[in-house]
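Using the sequences provided together with the hints, build the complete structure.
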Amino acid sequence: MILAEPGQLISISRISHDPNVSVMLEEARRYPINYGQGEEVFRLSPDLVLAGAFTSSYTVGLLRRLGVEVAQLPIANSLDAIPGNIREVGLLLGREVEAEVVVAQFEADLASLRADRDRATRAALHYANNYTSGENSLAHEILTAAGFANIAAEAGLSGGGTLAMERLVMLMPDLVISGQPYPGASRSEEVLRHPAMEVLRDRHAAHALADAEWVCGTPAVLRAIARLVDLHEGGS
Amino acid sequence: MTRALLPLLGVTVAVLFAASLMIGPAGLAPVQALSALIRGDALAETLVMREIRLPRAILAVLVGAALGLAGAALQGYLRNPLAEPGLIGVSGSAALGAVLALQSGFAALHVLALPGAALLGAVLAVLVILALAGPRGGSITLILAGIAVSALAGALTSLVLNLSPNPFAASEIVFWMMGSLQDRSMTHVWLAVPFIALGAMVLLAQGRKFDALTLGEDAAASMGVHLGRLRLALVLGVASMVGAATAVAGAIGFVGLVVPHILRPLVGAQPSRLLPASALGGAVLVLMADIAVRVILPTRDLKLGVLTAIVGAPLFLHLIYKTRAQGL
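From first to last, the protein sequence lines are chains D and X. Just so you know, we're using numbering that gives the first Met the number 0 here: the first sequence kicks off at 0 and counts up by one. Just so you know, we're using numbering that gives the first Met the number 0 here: the second sequence kicks off at 0 and counts up by one.
Be aware that one or more of the hints could be misleading.
The following residues of chain X were derived to be distant from chain D, with all beta-carbon distances above 12 angstroms [as the list claims (entries may be wrong)]:
| # | residue |
| --- | --- |
| 1 | VAL47 |
| 2 | MET185 |
| 3 | LEU203 |
| 4 | ASP217 |
| 5 | PRO297 |
| 6 | ALA324 |
Per the computed footprint, the stretches of chain D lying under chain X, defined by three or more beta-carbons under 8 angstroms from a beta-carbon of chain X, are [said to hold, decoys possible]:
| # | stretch |
| --- | --- |
| 7 | 123-132 |
| 8 | 162-176 |
Calculated directly from the structure, the hints in this document are not laboratory data. C-beta: ideal position from N, C-alpha, C; glycine also.
Following this line, the structure appears as structure tokens:
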């Protein structure tokens with residue numbers, strides 16, 4: 000949506016209309032959505048389909064057999080991978096110049112945010128089911144770019160994984176950043192409101208929520224970093 | 000042996016309770032753990048002991064006692080060793096009630112809404128089972144009715160969780176059908192305690208009446224046992240205990256089957272003595288299962304029902320074989 004020319008984008012994933020994970024909800028509401036099913040996407044007769052690395056390989060194969068060009072983009076696991084993805088989309092859409100502008104802006108903003116900090120404040124990411132992100136993950140890079148030490152990396156976790164609540168408590172993070180709860184109830188999310196976690200959260204005046212801006216490798220991660228930097232400087 | 004049974008079971012519960020407090024991924028030394036639990040000196044250790052491990056151990060005792068006692072009471076009333084809250088669909092219906100309360104938002108309105116809804120689900124299931132396989136119904140009717148009630152409750156639970164807007168809800172079907180005590184809190188303990196205590200008092204008070212019932216309904220009635228009142232006490236007692244246990248821990252099967260079966264010969268097959276023994280025995284079994292899931296797979300949330308079913312299902316088959324041989 001950032002890169003496409005008006006009229007170039009004809010349909011977007013249903014996820015972009017989900018306020019929990021979409022960073023461009025307002026803009027997204029202007030486009031019709033699809034549910035990623037081969038039949039409905041083919042009926043739109045697109046020249047190009049942009050798919051993620053986790054899009055069903057059957058759907059991708061079906062569309063390719065039907066003669067639709069499908070480009071699969073890798074998941075950005077680091078801040079450094081974001082410019083590459085932006086450039087690739089620019090190339091696919093024939094909008095290389097616009098892509099370079101976005102990349103330049105992104106890199107300049109990131110550099111200004113990524114000042115040298117002591118990393119003495121230790122933060123824990125805590126999602127439903129005690130899921131967290133260790134080294135080699137985008138969330139870890141967002142944390143460290145904002146000057147926090149990630150507790151999951153301290154516990155030796157690489158990529159995403161679960162960290163038992165007992166272990167998380169024993170590591171005594173200074174700041175707990177919780178996942179944003181979805182509507183409806185679930186036992187998985189009950190851990191976010193567990194009394195032990197409430198005690199940890201109350202130790203720090205500030206409170207942070209990991210939301211849509213954390214999920215995908217887009218320039219929106221800068222907003223997440225900026226908010227954390229404010230928190231870091233306000234707290235110390 | 001029979002005289003020493005209750006104290007022996009009590010000591011076993013205490014030992015396992017202590018063991019349950021000592022085991023966990025945080026790897027605390029026993030002395031350190033005890034000092035944190037009692038004196039509350041170090042913040043991290045105290046949080047782990049008081050907010051994570053203590054509620055888990057207490058709930059294991061409560062849930063186990065509830066399931067063991069409910070199983071013994073159902074078997075006493077129906078005079079059938081196959082009656083068990085999980086197998087006859089009482090736990091499954093309680094889970095359905097709990098899931099409906101959670102997903103409709105009803106549970107957020109009042110603290111008692113969640114256990115209340117689970118209790119209501121359990122009451123309905125007990126009533127259906129008693130209507131179909133009451134005192135004169137045979138084992139076949141009981142088991143068939145149980146299968147139907149369990150299947151329906153399980154299907155509706157899955158349906159409700161699949162319809163939930165929450166992306167995690169559908170993956171929790173396993174929790175509601177198998178049960179777990181992972182990451183429970185003191186809130187859950189306070190939620191379950193009153194219902195389980197009330198149910199236990201109601202059921203334990205019926206011991207003598209169950210004894211009389213072993214001689215047959217007519218004999219019991221001539222001894223002054225009011226069967227209607229006994230049935231009411233059974234329905235409310237079982238539903239209250241199983242409802243509260245399921246609302247906080249999911250449906251854990253086979254506890255009410257295995258425990259009374261093992262203890263029955265030790266109490267001379269006397270229901271009034273089997274009831275308290277089964278409550279303690281249930282606590283022992285669930286504590287053991289909950290310790291085992293943490294030792295076998297410390298990093299994953301292995302469900303309690305997996306272990307109780309591995310122990311309980313073969314025994315269940317054995318019991319079916321035995322009752323068939325007796326021509327019941």
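| Are there hints from earlier that the structure breaks, and if so, what are their numbers? | 1, 2 and 5
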